[in-house]
Amino acid sequence: MTQIYVYVTHKGGVADDIASEFIAAAKKIDPSATVTAVVTGSGADLDAVATSLTSKYAEVIKISDPALAYPNAEVIRKALCNVLDKSAIVLAPHDTLGMDLCPGLSIKMDSTFAADVVDFEGIDGGKLKLVRQELGGAVSTHVACDISNGAVITIRPGAFAPVDSAASGKVTDKPAGDLSAKRKFLEVVQAEVGDVDITKSDVLVSVGRGIQEQENIAIAEELAEAMGAVVSCSRPIVDAKWLEKGRQVGTSGKTVKPKVYMAMGISGSFQHMGGIKGNPYIVAVNKNPKAPIFQVADVGIVADILEFMPALTEAINEMK
Amino acid sequence: MEILVCVKRVPDTAENEFQLNSAGNDLDRDDLVYSVNEWDNYAVEEAIQIVDRVGGSVTVVTVGDSESEEVLRREMAMGANNGTLLSDDAFENSDGKGVATILAGEIKKGKYDLILTGAQADDAAGQVGGMLAAMLDLPYASLVNKIEIEGSKLKIGREIEGGNQEMNEIELPCVLSIQTGINEPRYVGIRGIRKVAQVEIPVKDAAALGVDPASVGEAGAKVKRVDYFVPVLGDGAEMLEGSTDEIIAQLIERIKSKGGLA
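Chains as they are written, first to last, in our numbering: chain A, 99 to 418; chain B, -12 to 249.
Keep in mind that the hints were calculated from the coordinates and are not lab data.
For every residue, glycine included, the Cβ atom is placed at its ideal position computed from N, Cα and C.
Misleading hints may appear alongside valid ones.
Listed next, with one range per pair, are the computed distances between beta-carbon atoms [stated by the list, open to error]:
#1 A:G275 with B:K211: 31 to 37 Å
#2 B:P200 with A:E219: 30 to 36 Å
#3 A:K418 with B:N151: 38 to 44 Å
#4 B:G176 with A:K388: 27 to 33 Å
#5 B:D76 with A:K298: 53 to 59 Å
#6 B:E225 with A:T353: 23 to 29 Å
#7 B:I177 with A:P387: 31 to 37 Å
#8 B:V217 with A:E323: 35 to 41 Å
Straight-line Cα separation of at most 16 Å, EDC-like style, residue types lysine to aspartate or glutamate; simulated pairs [what the hints assert, rightly or not]:
#9 A:K268 with A:D163
#10 B:K142 with B:E156
#11 A:K388 with B:E2
#12 B:K243 with A:D300
#13 B:K211 with A:D244
#14 A:K272 with A:D163
#15 B:K95 with B:D192
#16 A:K206 with A:D276
#17 B:K211 with A:D222
#18 A:K388 with B:D(-1)
#19 A:K280 with B:D124
#20 A:K343 with B:E171
#21 B:K209 with A:D276
Just some of the chain B residues that point at chain A, by a computed CB distance under 7 Å [stated by the list, open to error]:
#22 E4
#23 A112
#24 M122
#25 N155
#26 G168
#27 V213
#28 L227
#29 G229
#30 T231
#31 G247
Could you build the full structure based on these sequences and the hints that come with them?
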């Protein structure tokens, strides 16, 4: 019988959406597996999230310690190593905590590691077959993992349709054990608010690498002005310091809910798409016909944005 | 401070359109343009800036074949002091743990205060840094976008969801994976490359590193790629075709109907 632990992250006493996505993922790994939720933290928030999970999971392991109050991956890793059966499969979200925690956890548990998995195709002869992406989402791969010694696997948030399963489970308290660590959490510094709030705009003209030069941002600004829109961007534009952080759409930037999203020269990585909610009408213009953005956009145009945007701006202005 | 930066030669996502080979089991690699993994340039730049402030040296290391030497030279042209190539037929087709095992072998032979990797590379796993740290029993932090030196400790920032920054204190020696945007990597000109063209780059094999060949490469890999395929994520966009004027007329009509134009 396969034992699967799912590490459920939470905030303010509420489990992240990943809690229901894990159930779908675990079923795809092995429909007959025993699936146990694991939560770490301390105090009333932890108690609340553990209790809430008993409506989804038959067993919930709760590891409570003041040192686990803030999710410090170095401390959580020790707690999980102290408590979990090392031959099991451990699932965690592929987010900034999961990325911090899981590669090292796999070494300490002496098990196999797979990151950012988007699908599972079951276990065959001790090998778990899974799907992940490489090269910024340009290609996918089937991967075979030897799980005879257990596995630690991060799954992509949002990749598995949440499953509602009814359970009336129980919470088991486990002592955390030694949690000494050489890394200490200090504080969270909130992202600075820029001069423009991109989350408030119904239409966004969003630029990516295709803009090529800092001076070309003006071309996007002209289009945005013609459309009554605001300019936002993908990560490389902020890394290059061409626009401020407050303009970035994505999991490491802002979450936006416009009516229309103009993706101009944006390839469409999942980190970027993760910041677009509310099912907007997505227009993608990219000179690479194989750009992943064309798979998720509503309408696509293969063109160089540096030629296309001025032509569109002119056409809109002529209409007025 | 003695700093080691682990770098990788990868297909450049900005310069390539990826195609599968005729058998469908690998990329068509014949005409691919390779470069240094983008995240690694930020790691090397950060290492150089730290050494500029407090002294010490920067060593860049990579696991690969002779073609990987070019990425070491590029990073040395940026200002890294030394480069080392870890190369052996037994290293081929290593999984993430295999790569970390090889790098750990090299790190154990030296004495480093700080070990940096890029936050991720072409396979988007972001695994080697965290594995290395666990193998060496060193503290680790990922997605680092700020480093301040405070004696035998570092104050570091990690990029977390929503663009917020999580500040931590971490003891040296440690392993950090570096996120893009932490700095602005310096430009490397042809003259810089020429300057380091003749510098000797030592090559170390499994025996020199004390790495068991059975624990790495194809033999040691527990994670194996079966094939590549082009993903189908959704129904796909309605592609507009025709002259630019025709496309724009169709597009404006659609944007209007969705409330994007008054």
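Hint check results:
1. A:G275 with B:K211: 31 to 37 Å: 34 Å, holds
2. B:P200 with A:E219: 30 to 36 Å: 31 Å, holds
3. A:K418 with B:N151: 38 to 44 Å: 40 Å, holds
4. B:G176 with A:K388: 27 to 33 Å: 32 Å, holds
5. B:D76 with A:K298: 53 to 59 Å: Taking Cβ atoms as reference, D76 of chain B and K298 of chain A lie about 58 Å apart, which means the hint holds.
6. B:E225 with A:T353: 23 to 29 Å: 26 Å, holds
7. B:I177 with A:P387: 31 to 37 Å: Holds, at about 33 Å.
8. B:V217 with A:E323: 35 to 41 Å: 37 Å, holds
9. A:K268 with A:D163: 19 Å, violated
10. B:K142 with B:E156: 5 Å, holds
11. A:K388 with B:E2: Holds - the C-alpha atoms of E2 of chain B and K388 of chain A are around 13 Å apart, at most 16 Å.
12. B:K243 with A:D300: 13 Å, holds
13. B:K211 with A:D244: 9 Å, holds
14. A:K272 with A:D163: Given pair K272 of chain A, D163 of chain A holds - Cα atoms ~10 Å apart, limit 16 Å.
15. B:K95 with B:D192: 14 Å, holds
16. A:K206 with A:D276: Cα-Cα ~14 Å, so holds.
17. B:K211 with A:D222: 14 Å, holds
18. A:K388 with B:D(-1): Cα-Cα ~15 Å, so holds.
19. A:K280 with B:D124: 10 Å, holds
20. A:K343 with B:E171: Holds, at roughly 15 Å.
21. B:K209 with A:D276: 30 Å, violated
22. E4: Cβ of E4 of chain B sits 5 Å from chain A, so the hint holds.
23. A112: 4 Å, holds
24. M122: 6 Å, holds
25. N155: Cβ of N155 of chain B sits 6 Å from chain A, so the hint holds.
26. G168: Constraint on G168 of chain B satisfied, holds at 4 Å.
27. V213: 4 Å, holds
28. L227: 5 Å, holds
29. G229: 10 Å, violated
30. T231: 6 Å, holds
31. G247: Status holds, d = 3 Å.
In summary, the structure is inconsistent with hints 9, 21 and 29 from the numbered list given earlier, while agreeing with the others.
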